[in-house]
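A.B. asks: Here's the letter readout for the chains.
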Amino acid sequence: MIATPGILTITTDFGIKDGYVASMKGVILGINPSVCLVDISHQIAPQDVMEAAFVLRSAVETFPEGTVHLAVVDPGVGTIRKPIALRFQNQFFVGPDNGLFSLLLSGSKPDGLVELTEPRFWRTPTPSPTFHGRDLFAPVAAHISKGLTLTATGKPLESLKTMHWALPISDERGIQGWVIHIDQFGNCITNITRSHIHRFNKDRLFKCYAGNAIINKMNETYANSDEGDATLLVNSSDFVEIAIHKGSAAQMLDIRKGTPVNLVFSDDKGT
Amino acid sequence: MIATPGILTITTDFGIKDGYVASMKGVILGINPSVCLVDISHQIAPQDVMEAAFVLRSAVETFPEGTVHLAVVDPGVGTIRKPIALRFQNQFFVGPDNGLFSLLLSGSKPDGLVELTEPRFWRTPTPSPTFHGRDLFAPVAAHISKGLTLTATGKPLESLKTMHWALPISDERGIQGWVIHIDQFGNCITNITRSHIHRFNKDRLFKCYAGNAIINKMNETYANSDEGDATLLVNSSDFVEIAIHKGSAAQMLDIRKGTPVNLVFSDDKGT
Amino acid sequence: MIATPGILTITTDFGIKDGYVASMKGVILGINPSVCLVDISHQIAPQDVMEAAFVLRSAVETFPEGTVHLAVVDPGVGTIRKPIALRFQNQFFVGPDNGLFSLLLSGSKPDGLVELTEPRFWRTPTPSPTFHGRDLFAPVAAHISKGLTLTATGKPLESLKTMHWALPISDERGIQGWVIHIDQFGNCITNITRSHIHRFNKDRLFKCYAGNAIINKMNETYANSDEGDATLLVNSSDFVEIAIHKGSAAQMLDIRKGTPVNLVFSDDKGT
Numbered sequence: 001m002i003a004t005p006g007i008l009t010i011t012t013d014f015g016i017k018d019g020y021v022a023s024m025k026g027v028i029l030g031i032n033p034s035v036c037l038v039d040i041s042h043q044i045a046p047q048d049v050m051e052a053a054f055v056l057r058s059a060v061e062t063f064p065e066g067t068v069h070l071a072v073v074d075p076g077v078g079t080i081r082k083p084i085a086l087r088f089q090n091q092f093f094v095g096p097d098n099g100l101f102s103l104l105l106s107g108s109k110p111d112g113l114v115e116l117t118e119p120r121f122w123r124t125p126t127p128s129p130t131f132h133g134r135d136l137f138a139p140v141a142a143h144i145s146k147g148l149t150l151t152a153t154g155k156p157l158e159s160l161k162t163m164h165w166a167l168p169i170s171d172e173r174g175i176q177g178w179v180i181h182i183d184q185f186g187n188c189i190t191n192i193t194r195s196h197i198h199r200f201n202k203d204r205l206f207k208c209y210a211g212n213a214i215i216n217k218m219n220e221t222y223a224n225s226d227e228g229d230a231t232l233l234v235n236s237s238d239f240v241e242i243a244i245h246k247g248s249a250a251q252m253l254d255i256r257k258g259t260p261v262n263l264v265f266s267d268d269k270g271t
Numbered sequence: 272m273i274a275t276p277g278i279l280t281i282t283t284d285f286g287i288k289d290g291y292v293a294s295m296k297g298v299i300l301g302i303n304p305s306v307c308l309v310d311i312s313h314q315i316a317p318q319d320v321m322e323a324a325f326v327l328r329s330a331v332e333t334f335p336e337g338t339v340h341l342a343v344v345d346p347g348v349g350t351i352r353k354p355i356a357l358r359f360q361n362q363f364f365v366g367p368d369n370g371l372f373s374l375l376l377s378g379s380k381p382d383g384l385v386e387l388t389e390p391r392f393w394r395t396p397t398p399s400p401t402f403h404g405r406d407l408f409a410p411v412a413a414h415i416s417k418g419l420t421l422t423a424t425g426k427p428l429e430s431l432k433t434m435h436w437a438l439p440i441s442d443e444r445g446i447q448g449w450v451i452h453i454d455q456f457g458n459c460i461t462n463i464t465r466s467h468i469h470r471f472n473k474d475r476l477f478k479c480y481a482g483n484a485i486i487n488k489m490n491e492t493y494a495n496s497d498e499g500d501a502t503l504l505v506n507s508s509d510f511v512e513i514a515i516h517k518g519s520a521a522q523m524l525d526i527r528k529g530t531p532v533n534l535v536f537s538d539d540k541g542t
Numbered sequence: 543m544i545a546t547p548g549i550l551t552i553t554t555d556f557g558i559k560d561g562y563v564a565s566m567k568g569v570i571l572g573i574n575p576s577v578c579l580v581d582i583s584h585q586i587a588p589q590d591v592m593e594a595a596f597v598l599r600s601a602v603e604t605f606p607e608g609t610v611h612l613a614v615v616d617p618g619v620g621t622i623r624k625p626i627a628l629r630f631q632n633q634f635f636v637g638p639d640n641g642l643f644s645l646l647l648s649g650s651k652p653d654g655l656v657e658l659t660e661p662r663f664w665r666t667p668t669p670s671p672t673f674h675g676r677d678l679f680a681p682v683a684a685h686i687s688k689g690l691t692l693t694a695t696g697k698p699l700e701s702l703k704t705m706h707w708a709l710p711i712s713d714e715r716g717i718q719g720w721v722i723h724i725d726q727f728g729n730c731i732t733n734i735t736r737s738h739i740h741r742f743n744k745d746r747l748f749k750c751y752a753g754n755a756i757i758n759k760m761n762e763t764y765a766n767s768d769e770g771d772a773t774l775l776v777n778s779s780d781f782v783e784i785a786i787h788k789g790s791a792a793q794m795l796d797i798r799k800g801t802p803v804n805l806v807f808s809d810d811k812g813t
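Chains as they are written, first to last, in my numbering: chain L, 1 to 271; chain Y, 272 to 542; chain E, 543 to 813.
Just so you know, the hints here were simulated from the structure itself, not pulled from any lab data. Don't take each hint at face value.
Stated by the list, open to error - Pairs of lysine-lysine, DSSO-like flavour, derived with a Cα cap of 30 angstroms:
| hint | chain 1 | residue 1 | chain 2 | residue 2 |
| --- | --- | --- | --- | --- |
| 1 | Y | 432 | L | 246 |
| 2 | L | 207 | L | 161 |
| 3 | Y | 517 | Y | 528 |
| 4 | Y | 288 | L | 82 |
| 5 | E | 799 | E | 788 |
| 6 | E | 559 | Y | 380 |
| 7 | Y | 288 | L | 109 |
| 8 | Y | 517 | L | 17 |
| 9 | L | 17 | E | 759 |
| 10 | E | 624 | Y | 517 |
Since this is a predicted model, take the numbers as computed values, not measurements.
Same shape as in the complex, but just chain L (with noise of 0.2 angstroms):
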């Protein structure tokens, strides 16, 4: 498995205003003329792995198989955090060893995943401390874009950083979960996904505790409630989240990245 149609997606946190992103693409257009790069996002807020991840894990299922995945949000460059690539449902991803990739493999082990140590396949054998991904990362990626295996990249890894977020606790009374993303609408997205809800009776009545609000609502889409009520829906990338037709949920209901969502049924008849 190569990475045949050669696109390759940029993920970070140095914003638009500098030209960091600019550097890693002259670095990559150097190595792979014909590439075709896609941003998928800067504004991930400075170091913030878990946002990352978030918007990689949502942003990824939409792209051809051999797509290479290049994420670099890294509080810890230059020291000794591994520097890795993976394989994953026969997509590519590159980058620090820092948990970014964790909410995409959700448990799952990847098809195959190493840690980059051929300096060959770098910018120079000594990257800047301040800038692995114009130097490291951005180089590997291009060649993996190229067709260039995991394996020639570097030597085998058994496991990855993978981190607590994507999990809710949940029994027959109910789901604990917390809200992992606000988004450009200030929809609140939490780490419940369809499947939890699945588990359950669909006639069942529930209560759902987030920020200074109660919620009873399931809806299927943001325009099926009235203007400035809150409901809960199922959204495009299967998370449930809290939303407000016309209007900022994570403003109105004043919740935060971080907040808990207690979803609890109201009613006796359990599974």
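Given the structure of chain L, go ahead and fit chains Y and E onto it with the hints provided.
C.D. replies: Using the frame of chain L, we list chains Y and E on its own:
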């Protein structure tokens, strides 16, 4: 007439922090791997159809024939507003039928207009009710960029939703319009175009009332006026705008989107 | 020497909300449909030529030979400042002659320099006085990316406008420079480079006065210092910067663009 050069632009209100736009690009590249993707704007104010209509109108004119423009600013996503595609001046447009394209057409009829009713060109026959951009509009736009004809994508429509914005009111005494856009520099763009101005004798004196200012000058360039001085000028898209050299007209003159602009002739030398 | 790989970067102060950048891309793609477009930055502060010069300087070094860099930060648009194109280190640059390229050249002469005087390579012989980016610079850059020689685009120029920014003042007692850029993370980049530092004995003690801080440490990486501790480091572009590990040096030390940086040696072991 099919979309030959394989250029596909995208305009949304999705912002650039989340991965929503990248999700659409993944879908598009899965269908047409050799497409050239161009972002027009993803910073349209949330659900602001007028702003999207303006940005689209001013950006598309430079693109080559056959370009496909995908525009998703869609407050009614998941409800009954129609998904459409149209051809106008040998370019293609795909998006919701909510007025997005009415400033672009400004009264003209499109050369082809269909309602998108063929699910075999969608990502899934049952698009996510909250993300038609990814599941319906993006794949259809990708197929059109590969050469699919409009007629194959759905059934012909007689007319599309048009808004009242584009046209100011005018008589021999003056013109009444309003501000439809504030740009990056604080320049205030009105819905009055060069053609409205040209109907009048060039030598006539006028006063233009807008916000807290009365302006009686029309200049050719920003730099021709003194710093801090308000002026009218016909901008590079042929719209009349209110500008302040090295300053923000919007801030300094207290002008917002929607502010009325009254241009009255202050002499008797009528047409 | 012509531009072979067909890469064209764009740097502007146009922002990403309006469609201005897309207008330029439409023009470029109409001339060179197979060009690879890369955004360096469109978030340069309005009309801030120094910031553009800095971002350009730090981003272009990674791009392959033959890349064309289009830069439009142009307070004097429509006035007599010259439109120019130049070649330097086998890359091409197109933009206004207002100092944009002086940090890049830092005293060297370009390998080719022309004033753009051939309207047949423009979008129109009479460019919009407010948008030379679209009507003059973009089409010329597109033609150069297709292989047009500099000499065909206009008439040779002897010299271009250079600014005094790049060079700090130094003697055997110390170096006086200033902050020329604040990045996304609040790191404060000075105009003092690795070469200025290397002229001095590595073991010398120093004090660096900047904002409200006195710094006497030079580190290799952000993570090597304690959280909240200010340090100097030579960054990945060889500029000395003032940084705080996991914090914003600009905010915490009250440093702005233009803040003086005085590095004085606090011992007697001179050169």
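A.B. asks: Work down the list of hints and note, for each, if the structure agrees.
C.D. replies: Each hint tested on the structure:
Between residue 432 of chain Y and residue 246 of chain L the CA atoms are separated by roughly 21 angstroms; this keeps the pair inside 30 angstroms, and the hint holds. Under the criterion of a C-alpha separation no larger than 30 angstroms, the hint pairing residue 207 of chain L with residue 161 of chain L is inconsistent with the structure, at around 35 angstroms. Restraint check for residue 517 of chain Y and residue 528 of chain Y: satisfied, since their Cα atoms lie roughly 20 angstroms apart, inside the 30 angstroms limit. Taken as a hint, the residue 288 of chain Y and residue 82 of chain L pair is honoured in the structure, with Cα atoms around 26 angstroms apart against an allowance of 30 angstroms.
A C-alpha spacing of about 20 angstroms is found between residue 799 of chain E and residue 788 of chain E, which places the hinted pair at or below 30 angstroms, so the restraint holds. For the proposed pair residue 559 of chain E and residue 380 of chain Y, the alpha carbon gap of about 28 angstroms is at most 30 angstroms, so the pair holds. The suggested pairing of residue 288 of chain Y with residue 109 of chain L holds, with an alpha-carbon distance near 28 angstroms, which does not exceed 30 angstroms. Distance check on the hinted pair: residue 517 of chain Y and residue 17 of chain L sit about 21 angstroms apart at the alpha-carbon level, within 30 angstroms; holds.
As the CA atoms of residue 17 of chain L and residue 759 of chain E are separated by approximately 28 angstroms, the hinted pair is consistent with the 30 angstroms bound. With a CA separation close to 20 angstroms, the supplied pair residue 624 of chain E and residue 517 of chain Y stays within the 30 angstroms bound.
Comparing the model with each numbered hint stated earlier shows that hint 2 is the single one that does not hold.
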